[in-house]
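Student: Given only the sequences and the hints, what does the whole structure look like? Please build it.
Taken in sequence, the protein lines are chains X and P. Quick note on my numbering: the first sequence kicks off at 1 and runs consecutively. Quick note on my numbering: the second sequence kicks off at 1001 and runs consecutively.
Mixed in with the good hints there might be a few duds.
As the list claims (entries may be wrong) - Label pairs and their in silico Cβ distance ranges: (1) P:Asp1066 x X:Glu196: 38 to 46 Å; (2) P:Glu1043 x X:Asn124: 58 to 66 Å; (3) P:Ala1014 x X:Ala289: 20 to 28 Å.
Claimed, not checked - Calculated cross-link-like contacts (lysine-lysine; reagent style BS3-like; alpha-carbon spacing at most 27 Å): (4) X:Lys194 x P:Lys1047; (5) P:Lys1033 x X:Lys197; (6) X:Lys87 x X:Lys100; (7) P:Lys1140 x P:Lys1164.
What the hints assert, rightly or not - Pulled from the structure, derived: some chain P residues nowhere near chain X, Cβ distances all over 10 Å: (8) Asp1007; (9) Val1022; (10) Met1036; (11) Asn1067; (12) Ala1085; (13) Gln1103; (14) Ser1109; (15) Ala1122; (16) Asp1154.
Hints were generated in silico from the structure; no laboratory data involved. Owing to the predicted nature of the structure, the values given are computational and were not obtained by experimental measurement. Ideal placement from N, C-alpha and C gives every residue a C-beta, glycine not left out.
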Amino acid sequence: MLNRTTGIFLIFILLLTTSSAFALSGSSEEAAGQVDTPDEINDYIRHHLQDSHYFTLWTNGKTGHHIGFPLPVILIDEGLHFFMASKFHHGETVAESKGKYYKLYHGKVYETNSEGEITLDDHNHPTNAKPLDISITKGVVGMLLAGLLLLLGFGSLAKNYKSSALPKGIGRVLEPLVIYVRDEIARPNIGAGKYEKYMPYLLTVFFYIWILNLLGLTPLGFNVTGNIAITACLAIFTFIIVQFSGNKEYWKHIFWMPGVPVLMKIVLMPIEILGMFTKPFALMLRLFANMTAGHFVVMSLIALMVTMKSQFGAIGSSSMAFALAFFITIIELLVAFLQAYIFTMLSALFIGMATEEHDH
Amino acid sequence: MEQLINDFSPGLFAMQTFILIVLIFLLSKVAWKPIMGALKAREGSIKDALEAAENAKEEMARLQADNQKLLQEARMEREQLLKEATAIANRIKEEAKTDASKQAEKIISDAKKAIDVEKNAALAEVTTKVAELSLEIAEKVIRKNLSDDKASKDLVSTFVKDIKLN
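Tutor: Put into structure tokens, the structure is as follows:
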């Protein structure tokens, strides 16, 4: 049984690495030219790390033809604009909607004139107005997919309990995880009796981040939790929940620390107020940095087969890239869980600190 | 940092906020609440079952102890009864023995008394007989004396001899 599980696990990892490699090598020749030099590879990876209006699987380098499909674009700019991203033609043409003109520039939508002019400032950043872009981007597709998986998986587990007290099928895997979050994350940090109120948030966040992290490891090329907007949103949720569950003691410790001289109280106040914000800020940055770095490292290692081709030959560089990427992907699987765990754990810890009953 | 701020997409942020709120709400309704409820109920039932088993075990032990105590009591009672019965039997035996000896003594003394009475009566009768005989002899002697002097002298001496011999 163990051997079989290990076997399936190894095949899974193999699939991940090989297909990511395939995705990269397949699209390593962009329409603009070959992706051979380190700079081009860097650009390619950076491009991957950003959100996109296309669900591109790979690109045919010779013809510049993208294999994939465009995603719907939704803009709020004096009214609602809705059209498919194919209208942008990968940033080559101007998309017109309800008398307004939009252009895709480095993955972002800018409002332009009918000519599609983009004016750049000193830092090469466009000065054009940006409409609020609530498109169904690749990241949003990832989020929806994760949400759907969560609803299906845990919905079936919940339904399962109606007929029997013991879980069946996928529930056998999910139930210990739910119990783990409850007994190892929520209860010890928040305290018995109070933790139940926060379970829906903690469970949702834990599995949501974990699934999105795992989706990022698939060759579909999602990078949702490596996007600062996503982690910022998650961190702000934790921040708001912590502030709203904070009891009298919590606010007293921030604004008028008990048990220290008055002078210290005054000194400590700004530090504590700063601490209120650094905690979620660290949450946001930790998840973002870990996932971004993971994607960067895996893709860079896969790219070794292109950069090292001249030194080691096609087979040498490929096998080296494969071995290294294989190794890092295993670690990334661990990191995917670990980051979900840390985010949930720290959220629970902060909630626990805010609701703690002090007895002096 | 500048790159980060530039990359920050308010639209994606808005979408994420929306999706996350909906997801928390939906999952909490569809999954988390029933799951947590079911887990709690199951853990409660397991705890109850364990407690019930523990209680049954205690009850069992208590019953066993009770049985042991009852048995002990019964044994002690039996011993007590036996002891008492033996004591009573002994007493009865003892009493019987004393009664019997008393009876025997009484019978013996009665017999002795009867024998004495009989003996006295017999003696009295013998004395009377002797007196009668003496009288008869004396009569006969007297009658002979009257007829033969010599012969009466011999006879008297014989009688005297006899008496002396007696």
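Student: Indicate, hint by hint, whether the structure satisfies it.
Tutor: Hints, verified against the model:
For Asp1066 (chain P) paired with Glu196 (chain X), a C-beta distance near 44 Å keeps the hint of 38 to 46 Å intact. Range check, Glu1043 (chain P) to Asn124 (chain X): about 60 Å between beta-carbon atoms, so the 58 to 66 Å window is met. A hinted range of 20 to 28 Å for the beta carbons of Ala1014 (chain P) and Ala289 (chain X) is consistent with their spacing of about 23 Å. The hinted pair formed by Lys194 (chain X) and Lys1047 (chain P) meets the criterion: a straight-line CA distance of about 21 Å does not exceed 27 Å.
Of the supplied pair hints, the one linking Lys1033 (chain P) and Lys197 (chain X) holds, its CA atoms being roughly 10 Å apart against a limit of 27 Å. Using a Cα cut-off of 27 Å, the hinted pair Lys87 (chain X) and Lys100 (chain X) holds, with the two alpha carbons roughly 13 Å apart. A distance of roughly 20 Å separates the Cα atoms of Lys1140 (chain P) and Lys1164 (chain P); the hinted pair therefore holds under the 27 Å criterion. For Asp1007 (chain P), the shortest C-beta to C-beta distance to chain X comes to about 6 Å, within the 10 Å cut-off, and the non-interface label is violated.
The Cβ of Val1022 (chain P) sits about 8 Å from the closest Cβ of chain X, inside the 10 Å cut-off, so the non-interface label is violated. Annotated as non-interface, Met1036 (chain P) brings its C-beta within 10 Å of a C-beta of chain X; the closest such distance is 6 Å. No beta-carbon of chain X is positioned within 10 Å of the beta-carbon of Asn1067 (chain P); the least distance is around 38 Å. Taking the minimum C-beta to C-beta distance to chain X, about 64 Å, the non-interface status of Ala1085 (chain P) holds against the 10 Å cut.
At roughly 90 Å, the least C-beta separation between Gln1103 (chain P) and chain X is larger than 10 Å, which holds for a residue marked as non-interface. Non-interface call for Ser1109 (chain P) relative to chain X: holds, since the shortest CB-CB distance, roughly 100 Å, exceeds 10 Å. The claim that Ala1122 (chain P) is not at the interface with chain X holds, since no C-beta of that chain comes within 10 Å of its own (minimum 118 Å). At roughly 150 Å from the closest C-beta of chain X, the C-beta of Asp1154 (chain P) stays outside 10 Å, upholding its exclusion from the interface.
Taken one by one, the earlier hints fail for this structure at numbers 8, 9, 10, listed in ascending order.
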